[in-house]
Amino acid sequence: MTLPFLVILPLFGAFSMPIVSLLGKKLKEYWAVIISGATFAVAAKVFYTVWRNNEILLYTLGSDNPIGRGVNFPIRIVWEVDLFGALLALTITFVGFLAIVYSLGYMKHDTGLEKYYTLVLVLELGMLGIVITGDIFNFYVFLEIMSIASYALVAFRNDTWEGIEAGIKYMFVGSLASSFILLGIALLYGQYGTLTMSYLAIKIAENPTLVAKVALAFLIGGLLFKSGAVPVHMWLADAHPAAPSSISAMLDAHPAAPSSISAMLSGLVIKAGGVYAIARIIFSIFNPGLHTYLRTFNAPAINMDVIGWVIVFFACLTLLVGNAMAVVQTDMKRLFAFSSVGQIGYILLGIGIGVLAYGTRAGELALAGAIYHIVNHALIKALLFLVAGVVIHEAGTKNLNELSGLAKRMPLTTFFFIIGAAAIIGLPPLNGFASKWIIYESSAMYNPILAAIAVVGTVFSLAAYTKVLFTFLGKESERVRGSKEPEKSMLLPMLILVVAIIVMGLFPWQISDKIMIPAAKMLEQLNGEYILALLKFIGGA
Amino acid sequence: MGSDMGLIVKTMARATIPLIGIFGAYVISHGHLTPGGGFQGGATIAGAGILFLIAFGINEAKEKINKSLYSALEGLGGLVFLAAGMLGLSVAFFYNTLWHNGPIFNGEPGTLLSAGYLPIMNLAVGLKVYTGLVSAVFAMALFRRWRK
Numbered sequence: 005m006t007l008p009f010l011v012i013l014p015l016f017g018a019f020s021m022p023i024v025s026l027l028g029k030k031l032k033e034y035w036a037v038i039i040s041g042a043t044f045a046v047a048a049k050v051f052y053t054v055w056r057n058n059e060i061l062l063y064t065l066g067s068d069n070p071i072g073r074g075v076n077f078p079i080r081i082v083w084e085v086d087l088f089g090a091l092l093a094l095t096i097t098f099v100g101f102l103a104i105v106y107s108l109g110y111m112k113h114d115t116g117l118e119k120y121y122t123l124v125l126v127l128e129l130g131m132l133g134i135v136i137t138g139d140i141f142n143f144y145v146f147l148e149i150m151s152i153a154s155y156a157l158v159a160f161r162n163d164t165w166e167g168i169e170a171g172i173k174y175m176f177v178g179s180l181a182s183s184f185i186l187l188g189i190a191l192l193y194g195q196y197g198t199l200t201m202s203y204l205a206i207k208i209a210e211n212p213t214l215v216a217k218v219a220l221a222f223l224i225g226g227l228l229f230k231s232g233a234v235p236v237h238m239w240l241a242d243a244h245p246a247a248p249s250s251i252s253a254m255l256d257a258h259p260a261a262p263s264s265i266s267a268m269l270s271g272l273v274i275k276a277g278g279v280y281a282i283a284r285i286i287f288s289i290f291n292p293g294l295h296t297y298l299r300t301f302n303a304p305a306i307n308m309d310v311i312g313w314v315i316v317f318f319a320c321l322t323l324l325v326g327n328a329m330a331v332v333q334t335d336m337k338r339l340f341a342f343s344s345v346g347q348i349g350y351i352l353l354g355i356g357i358g359v360l361a362y363g364t365r366a367g368e369l370a371l372a373g374a375i376y377h378i379v380n381h382a383l384i385k386a387l388l389f390l391v392a393g394v395v396i397h398e399a400g401t402k403n404l405n406e407l408s409g410l411a412k413r414m415p416l417t418t419f420f421f422i423i424g425a426a427a428i429i430g431l432p433p434l435n436g437f438a439s440k441w442i443i444y445e446s447s448a449m450y451n452p453i454l455a456a457i458a459v460v461g462t463v464f465s466l467a468a469y470t471k472v473l474f475t476f477l478g479k480e481s482e483r484v485r486g487s488k489e490p491e492k493s494m495l496l497p498m499l500i501l502v503v504a505i506i507v508m509g510l511f512p513w514q515i516s517d518k519i520m521i522p523a524a525k526m527l528e529q530l531n532g533e534y535i536l537a538l539l540k541f542i543g544g545a
Numbered sequence: 332m333g334s335d336m337g338l339i340v341k342t343m344a345r346a347t348i349p350l351i352g353i354f355g356a357y358v359i360s361h362g363h364l365t366p367g368g369g370f371q372g373g374a375t376i377a378g379a380g381i382l383f384l385i386a387f388g389i390n391e392a393k394e395k396i397n398k399s400l401y402s403a404l405e406g407l408g409g410l411v412f413l414a415a416g417m418l419g420l421s422v423a424f425f426y427n428t429l430w431h432n433g434p435i436f437n438g439e440p441g442t443l444l445s446a447g448y449l450p451i452m453n454l455a456v457g458l459k460v461y462t463g464l465v466s467a468v469f470a471m472a473l474f475r476r477w478r479k
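Top to bottom, those sequences are chains A and B.
Per our numbering, residue 5 is the first one in the first sequence, and the count goes up by one each step.
Per our numbering, residue 332 is the first one in the second sequence, and the count goes up by one each step.
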């Protein structure tokens, strides 16, 4: 069984980092690379297993059986991995590995690097835990691990005022959002007396009380914050510019964090802790199909259409405001951060339509598009933040007004940027096209107005990225005269991401049919597969 | 900067620090039998460390507290916890194989050498909490830049 190693390996790496860093100066960096590389291999194995068997993997901690002796309900923590979770685990470890390799060169001039690598591994651990867990309190613990590691990483460069400011802002509002989520979990536990997600789903369907609705509202509210949806997106726009670029790829507290951190924030944290968790809670705990079924018999049930419309409302707001705000930015990482907000809007739109049109072709397509876009945006935004990190590293500024004409000094980086920008707008030979197309198509099938709003968002996005293009092309400015291509350890991760983007762009419909549609089907669980994976241990199903 | 505290405080600290330390060690090692455990006991011992820092001052503490050692011990605490969780990996992660199969920590319930991996995990968590809290407070005490 390889699944527990998804958590064991980063935990081992993080705990052994203080000891390893005493043994040699360069050793800690190679140690982080080895550990994250091994985690990537484990995630690939888990993904392959789930994909080949096409069934949900259930792992019990502490025993071989989740059911307690003498009782017929689950008493242990279970990890339930469906194709969606496995796919996200693969994406997280892939981008995390590349961000760590990139950090070798990018973070060279910073101090306290053993703490940096410990925190990055802990951040990766938290996200992996979120995507594999089937226990709602376990989910909360991993969410906090992820959040606290990202607060610390956003404020990692604590000699800069913007790092500290972004870190404090992110930490204050982030802790509030986490406490909403904890309150929602406490309400569910008080009402139903269980914390296992699939068993909770049964209990809620048996007796859908007002408490369950209030808890759902708290959970969705807290998680919309974590994903950077529009009324509560401001932490993201501040944090990314401050974070080291490799983390922005994971998180989205972009402008303040080191670029490596920005890459992780934007690419991964807002997806694992935000949209993934929203989708998991809506489809696995409060299943729309289950409650619609109950309503046809006039049994008490939760009206999931309301949740669907709430998500669609925030999605439309997010993709309009996020992309429009990106157009007016003059700070490169801030622009990318707002663009991340806008792309989260597309993912939320896909999830929202997946709830509203549950059980139809449009709903399934919308979910598949959302899942596809999560993966694509993780790769593209990681690439873009790593490019931003190179520009900051070489030219010493991220102000778009001071930069122009980098193309001659850095032809490779310019090429990488153009690929990334074209992919995020959705030009056909690249991977962003297919996922956006599926989201447009499904929203047009459900309601043409939503599709029109989505297209308007993309127009803004096009304008924003055309603006950045002038940073690279155009007349050479004073500022960029001394800049040159970065070292190999920074170029290589970007090259790998570009290759991944192009290769995924060449087989869009094959990937969609073979991976994304099955993942959407497993998430939708039309026949309650997520619940049955647990129930088969009771033997009553 | 020397110590601000007077003779009475220092003498009392000399007397109470060992007592606090012993009580914390008791709470940790009886975590599986009485209320308390790794976190509570570790925080208690860290209280002794903070009393030392306040009573004897930062200069005295600088000589006694080795940053690398504390950092390494904190990592070690985590590693021991993880290793205890992995002992029964052939059945499942966190399977309490010491309790079910021995050879040690499988005594009569209620005795000190019972409860399988729990005493080991309590010790590991206690070590991690103590070193972590003391390092954090010590780092903040060293951060003395009230003005430029």
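Because the hints were derived from the structure by calculation, they are not lab data.
Among the hints, a few may not be true.
Said to hold, decoys possible - Ranges between beta-carbon positions, derived for each pair: (1) A/215 to B/393: 51 to 59 Å; (2) B/434 to A/416: 58 to 66 Å; (3) A/75 to B/393: 51 to 59 Å; (4) A/30 to B/343: 26 to 34 Å; (5) A/176 to B/342: 23 to 31 Å; (6) B/370 to A/176: 19 to 27 Å; (7) A/297 to B/468: 38 to 46 Å; (8) A/467 to B/393: 25 to 33 Å; (9) B/366 to A/80: 30 to 38 Å; (10) A/235 to B/342: 27 to 35 Å.
Just so it is clear, CB atoms sit at the ideal spot from N, CA and C, and this is done for glycine as well.
Handout entry: residue 75 of chain A paired with residue 393 of chain B, Cβ distance criterion 51 to 59 Å
Key = 56 Å, holds
Exercise for the section: Mind checking the hinted window 58 to 66 Å against the Cβ distance between residue 434 of chain B and residue 416 of chain A? Expected result: About 60 Å separates the Cβ atoms of residue 434 of chain B and residue 416 of chain A, which means 58 to 66 Å holds.
Handout entry: residue 176 of chain A versus residue 342 of chain B beta-carbon gap, inside 23 to 31 Å or not
Key = Violated, at about 43 Å.
Handout entry: Cβ distance range 51 to 59 Å for residue 215 of chain A and residue 393 of chain B, holds or violated
Key = 54 Å, holds
Problem - Satisfaction of the hinted span 38 to 46 Å by the C-beta atoms belonging to residue 297 of chain A and residue 468 of chain B - result: 56 Å, violated
Practice task
Evaluate the given range 19 to 27 Å for the C-beta pair formed by residue 370 of chain B and residue 176 of chain A.
Solution key: 25 Å, holds
Practice task
Take the C-beta atom of residue 30 of chain A and the C-beta atom of residue 343 of chain B, compute their distance, and say whether it sits inside 26 to 34 Å.
Solution key: Violated - the Cβ-Cβ distance for residue 30 of chain A and residue 343 of chain B, about 48 Å, lies outside 26 to 34 Å.
Practice task
With 27 to 35 Å as the target window, see if residue 235 of chain A and residue 342 of chain B comply at their CB atoms.
Solution key: 59 Å, violated
Practice task
Mind checking the hinted window 25 to 33 Å against the Cβ distance between residue 467 of chain A and residue 393 of chain B?
Solution key: Violated, at about 57 Å.
Exercise for the section: Given the hint of 30 to 38 Å, check if residue 366 of chain B and residue 80 of chain A actually sit that far apart at their C-beta atoms. Expected result: 24 Å, violated
The structure is inconsistent with the numbered hints 4, 5, 7, 8, 9 and 10, although it conforms to all the rest.
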